[in-house]
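S.K.: Use these hints to put chain B onto chain A, whose structure you have.
Now for the letters of each chain:
There are 2 protein chains.
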Amino acid sequence: MEAKLHKLSLLVEKNLARYISDKNEYPPVIYKAAKYSLFAGGKRLRPILTLLAAKACGLSYSDVMPAACAMEMIHTYSLIHDDLPAMDDDNYRRGKLTCHKKFGEAIAILAGDALLTRAFECVLMCSKNRKIKPKNVINAALEIADGAGMKGMIGGQVLDITSEGKKISPGMVDYLHKCKTGALIRASVAAGAILSDADKKTVRLFSRYGEKIGHAFQIVDDILDVIGDEKEMGKKLRKDAAAKKATYPSIYGLAGSEKKAEKLVLEARDILAGINRNTDDLNEIAGFFMKRTH
Amino acid sequence: MEAKLHKLSLLVEKNLARYISDKNEYPPVIYKAAKYSLFAGGKRLRPILTLLAAKACGLSYSDVMPAACAMEMIHTYSLIHDDLPAMDDDNYRRGKLTCHKKFGEAIAILAGDALLTRAFECVLMCSKNRKIKPKNVINAALEIADGAGMKGMIGGQVLDITSEGKKISPGMVDYLHKCKTGALIRASVAAGAILSDADKKTVRLFSRYGEKIGHAFQIVDDILDVIGDEKEMGKKLRKDAAAKKATYPSIYGLAGSEKKAEKLVLEARDILAGINRNTDDLNEIAGFFMKRTH
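First to last, the protein sequences are chains A and B.
Going by this note's numbering, the first sequence wraps up at 445, each residue one higher than the last.
Going by this note's numbering, the second sequence wraps up at 445, each residue one higher than the last.
Derived from the structure by calculation, the hints contain no laboratory data.
Which copy? The list can't say, so a pair holds if one copy fits it or any two copies do.
Simulated crosslink set (DSSO-like; lysine-lysine; CA at most 27 Å straight-line): (1) Lys414 - Lys302; (2) Lys247 - Lys386; (3) Lys206 - Lys286; (4) Lys395 - Lys252; (5) Lys165 - Lys279; (6) Lys302 - Lys252; (7) Lys252 - Lys396; (8) Lys279 - Lys351; (9) Lys282 - Lys351; (10) Lys253 - Lys317.
Okay, chain A solo, but in the shape it has when bound:
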């Protein structure tokens, strides 16, 4: 699986470079800043999920590549904005200076805006592919907007900021993380299925699978903030405790959090078992979510 994921991440990167580039790249600094953050070495999990879901539903990787790349652009824009001084105020990300540290705050804000805008352009570009129905392109873009918007990722980030230092309930921690990380991961999986013309019931199952692994992913992220290696992670850790953020380990302890993540992965796999497609890769990637160290 690791080899396959590596191959897919390289494929995504090759295409990301195409979709963010332009003959005239003017003004150059905004392209530079967007690319700087886009090629800072992410795991490309969101686009890979879109590719694997589409493949399971009968399309090829290249058919949905623009939409897959869009997911990485949205993820990157959210990191750029989250790292800003007014938000998490981070100087390093993946071992490199954050976008605003490298290009200044104004350009970083605009690079985030540009990536979000370009992401929607990319999803919509799927309409050039005759194998994909226009209505499916529209529905995939709507699903992505839902996952990235106020009810999803942005809402989660707002909750994260506004609940800092406050005591929040375990239910709220679940809700917060479902929005902040889960919603975009859910949309990444669902978009692949929607573009492939999967029926509503199947799309719903893929969505639920995405929700579960997205949730597990965030729990592992919280665990890594406690036990991870700063060098390997390439960013400052133990920030959650310092900022008095309500995280899974702070509520359930490390062992309890791990158990919770494992349970979610099992549930995700159960959901896949109910889908009448070849979901072997999605099944395997669910386990990978648990074993990651960065």
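M.R.: Chain B only, in chain A's frame:
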């Protein structure tokens, strides 16, 4: 015309309230912040242009209302981000505190992100209307992304920031303003025509009309920064000169700038004359662009 514009702006506002609201409005602060800026009293020119272009091409106002509202959301997001301390650092806009002054920087950044995301959702919602072809919805959204993105509005803002205090050529001032203001106004007009299934040639003419009035609009904006009344404008003026920005008045003088704007409006009207539709309202609104005092 003033009465008609007023009526249309009220119609837009009524619908904006619908499209930005949600049963659950959770977390509340992000909805509050987005609405605060959205209902701070803009002229609603961009959505009105979408409505008028669509009407000229055979659709009703309500048919394209979600797309019209999307244009105002994109415009508002750009103002929220432009006002941030890292950008233009403005405390007032339309006589009210700017979004970050009222809600803090983090929420203002996220409110802008949320409005941009919601805008794409709104355009795509036009697909629920059977009178509008899915492929036209996709093409309208692509046109809007183009106008709002790196080659359009964001590119213009980048140039504006990076050229502050530098001597730039008149050609570059034209280019900057075509991007910064012109591109989104162009897209507002074009989107209305595209959604209405206008043929390519007609769309191109509407686009060119939009380009011309967008350009004129920015020149008048520059003029108002010199001669306008701070109270009436509701924001700090004479900032361009203070920031040593290359503006039309600084290059062509006030009279020369006015002449240039008038010429652009004439050209815009000439383009309309070549379109085989009832473009009376668009013809009249072009003149309105010249006479505005705020």
